[in-house]
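A.B. asks: Sequence:
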Amino acid sequence: MKYFCSLLIFLISLAPAKAQNALSDELSFPYLEKLVEIAKKNYPKLKLYQSRVDAGTYNAKKLKLSYFEILSFSYLYSPDRLASSINPNFLNGYQFGFFVNIGSLLQKPALIKQAKSELQAVEHDRDTYMLNLEADVKQRYIAYAQYKVLLRIKADALHDVEALAEELKFKYEKGETTLEEYSKALVVISDRQQAKVSAEADVLISKSALEELLGQKLEDIK
16 MKYFCSLLIF LISLAPAKAQ NALSDELSFP YLEKLVEIAK KNYPKLKLYQ
66 SRVDAGTYNA KKLKLSYFEI LSFSYLYSPD RLASSINPNF LNGYQFGFFV
116 NIGSLLQKPA LIKQAKSELQ AVEHDRDTYM LNLEADVKQR YIAYAQYKVL
166 LRIKADALHD VEALAEELKF KYEKGETTLE EYSKALVVIS DRQQAKVSAE
216 ADVLISKSAL EELLGQKLED IK
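Numbering of the sequence shown is given in the working numbering, commencing with residue 16 and proceeding in unit increments.
Hints were generated in silico from the structure; no laboratory data involved.
Note that the structure is predicted; figures quoted are calculated from it, not measured.
Certain hints may be false.
Okay, derived cross-link-like pairs now, EDC-like style, lysine to aspartate or glutamate, Cα gap no bigger than 16 Å in a straight line [to be verified]:
1. LYS237 with GLU52
2. LYS199 with GLU181
3. LYS49 with ASP235
Quick list of the computed label-pair ranges, beta carbon to beta carbon [stated by the list, open to error]:
4. GLU227 with LYS186: 44 to 52 Å
5. GLU181 with GLN231: 37 to 45 Å
6. LEU126 with GLU227: 36 to 44 Å
7. THR72 with SER39: 40 to 48 Å
8. SER198 with LEU63: 58 to 66 Å
9. ILE204 with PHE44: 35 to 43 Å
10. ALA37 with ALA178: 17 to 25 Å
11. GLU234 with GLU48: 17 to 25 Å
12. LYS128 with LYS49: 39 to 47 Å
13. PHE44 with THR72: 32 to 40 Å
14. SER43 with THR193: 46 to 54 Å
15. SER66 with LEU126: 16 to 24 Å
16. LYS131 with ALA37: 46 to 54 Å
Virtual Cβ for every residue (Gly too), placed ideally from N, Cα, C.
Taking the hints into account, I'd like the entire structure generated from these sequences.
C.D. replies: So, in structure tokens, the structure goes:
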């Protein structure tokens with residue numbers, strides 16, 4: 016029993032040194048920035064916000080151009096002979112007139128100001144969502160990297176315990192250790208196998224969550 020515990024502690028202490036299991040070794044910030052840009056390009060909800068901004072921009076421009084609708088132009092043509100025979104005082108030839116819709120003229124600045132305010136509001140909504148999307152991508156990428164590191168650690172730990180169990184099995188068959196120590200090693204192996212399976216699931220789930228924001232598989236992003 017003493018031999019089993021000592022050897023197990025020694026092997027576990029060596030596990031972190033087997034591979035680069037620091038989270039910082041798994042992270043790539045240039046790659047992360049690339050993921051953020053891809054998410055901004057592909058994520059449907061951000062496209063929805065951008066469409067609202069485009070519609071607001073179009074509406075503001077349309078209202079500015081509608082100033083010309085305030086003015087109206089008309090003309091009247093009266094032939095000389097016809098005008099003289101009907102009413103000598105009536106003006107002959109072409110008559111032109113310009114009309115201004117005072118009500119529209121007074122309302123137009125307020126409508127344009129309202130359109131600009133609505134445009135600024137949807138721009139703020141878009142920018143806020145863009146910041147939230149960027150934060151979500153970074154959080155999910157870091158979580159994905161974290162689970163990958165944890166998976167490697169648990170895989171190393173399982174490998175160490177399996178090696179220990181093989182050695183204990185050999186010693187048990189030679190009568191150099193007890194069945195109790197060998198059985199405990201098998202229990203530890205079972206626990207480590209379950210931990211490794213859970214870690215694999217965490218990696219797959221976190222990868223799927225990240226790809227949801229990106230709109231494409233990580234394997235397709237170089």
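A.B. asks: Hints broken by the structure, by number, lowest first?
C.D. replies: none
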